[in-house]
Amino acid sequence: MTAESKLGCRANYFWSMNSPIVECRSVSKKYGEIPALVNFDIDISEGEVFGMIGPDGAGKTTLFRILSSLILPDSGRAIVLGHDVVKDYRFIRKSIGFMPGRFSLYQDLTVEENLNFYASVFGVNIHDNYHLIKDIYAPLEPFRTRRAGKLSGGMKQKLALSCALIHQPMLLILDEPTTGVDAVSRKEFWDHLGSLQKDGMTILVSTPYMDEAQRCGRLAMIQKGCLLDIGKPEEIRSRFNGTLFQLTCSDRYQALLICRNSEQISSVHAFGQALHLTLADGGQTEVVENLLVHQGIGEVVIHEIPPSIEDCFMQYLM
Amino acid sequence: MESETIIEVRGLVKRFGKFIANDHLSFTVAKGEIFGFLGANGAGKTTAIRILSGLSSPTSGYVSVAGIDASRYPEKVKKSIGYMCQRFSLYEDLTVFENIRLYGGVYGLTLKEIRLRSDEMLGRLDISDLRDRLIGSVPLGWRQKLAFSVAIFHQPKIVFLDEPTGGVDPITRRQFWDLIYEASRAGITVFVTTHYMDEAEYCDRVCILSEGKIQAIGNPVELKRSFGVTSMDEVFVKVARNV
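Chains as they are written, first to last, in numbering that gives the first Met the number 0: chain A, 0 to 317; chain B, 0 to 242.
Errors might be hidden in some of the hints.
[What the hints assert, rightly or not] No more than 35 Å apart at the CA atoms, straight line, and that leaves these computed lysine-lysine pairs for DSBU-like: (1) Lys186(A) with Lys223(B); (2) Lys223(B) with Lys231(A); (3) Lys237(B) with Lys133(A); (4) Lys155(A) with Lys223(B); (5) Lys237(B) with Lys149(A); (6) Lys156(B) with Lys77(B); (7) Lys186(A) with Lys17(B); (8) Lys133(A) with Lys17(B); (9) Lys77(B) with Lys149(A); (10) Lys75(B) with Lys149(A); (11) Lys155(A) with Lys17(B); (12) Lys237(B) with Lys197(A).
Don't read these hints as lab results, they were simulated from the structure.
Work out the full structure: start from the sequences and follow the hints.
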């Protein structure tokens, strides 16, 4: 902290609705010798659903804890809703909703008691704000006297989201809300986020599932504490380097092994039932096709496809 | 693929009080097969896996694992299988080799065998230099790959993998599947659960559970064809929502 600390919280009161909801400038954090965030910069605007995409250990949780004032950055500065997360932590805690990755409601309180507790901590009335959580909480109503610890994974997730929303936060931070959740419940959860966004909520959400990236307005791909890329999903996809081809055939695994050893090919990865590949300089799909056919692989079909977020992420990792 | 049956389940029922977690499950898994076990949270996957691995006994029905009647000889079943899950993979405050020695010892291998096999295993994974590092300091991706190798260290006939790739990056996830394919080619049956639907496509066959019952079972290509869709993700959504 140097000159900026002199600006102090007073300057932050000039925050207007046009300012970013979240502003991170060169935020760094280490745990011992291990860097969790390295000179991290992001801006998030009002009404965005902003996704942080990256594997475990990428730095997603560290960033969220800094933004919600739960831990301190080693250096750099983070402004949330116009307030410094270090100085104005009281304001931050009142104004945001945070759903941590690990279920952290009271297991031995009932569904209703948990919700009441959170409402009372924030000094709000459940009935006044019920419209905010109605869609999410309604399926829990029949279980309102059940202890939170006895709920299924999907129901716990709904309750946690309800508790994070009940005080009508100006920013909702969700740390891996869909990890370990099945594909159907994950889709439903994203539908809920979509309706919250329509009501004007700004949402910062992290996920290890690349397919969920498409549901974000903008996203940051992160790995080892560093930003790999940031932008709208289609912008990130347009930055894919080279032409991507999809290959389907009779024996995907054998074809994968052959492609890995071919000089025609620059990169090849399994993708569901197909392989995704990019060609090396001078490589040709016809040559690859012949190579596979000669080695006994049948039904080889290669055609160009648009890259997905996962293709882009892997390109950055290579 | 060889047609020898390694898992046979007939009319498996598991009740917890009034709740039926597994409702008359019947299926077989062949030797060396990669068998995907899918379902929404609470569909009954974990209950079934616990029974198949000798940790719990069925209320009724017949379960044979590696030729052993699982309800009568659960201890024998435990010896002939390997198990790995996402939440726990290896002891963080033991070194790589200490973890291997612990697991090898639990499964009754001699120290000599353990040394021999672990040198071979670490060499194959190209991480011999990590041998004396604490697991806690090994990157997550490598930890998961090690955990898998440790789970098949005693050369079991079947390995159960419960969401083995949760949270790892997309490259490591694919490297992990390379290990699964290698194990399968070596004749080990792989029984795997996952929430990544692209991984469902990597399985030889998948079984989709919903409300304790098998709603669909078969090869991914056949399943997609019979549901008239192009991805396992769509199959899963249709089955789980009972469309």
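Violated hints - listed by number, lowest first: Violated hints: none; all satisfied.
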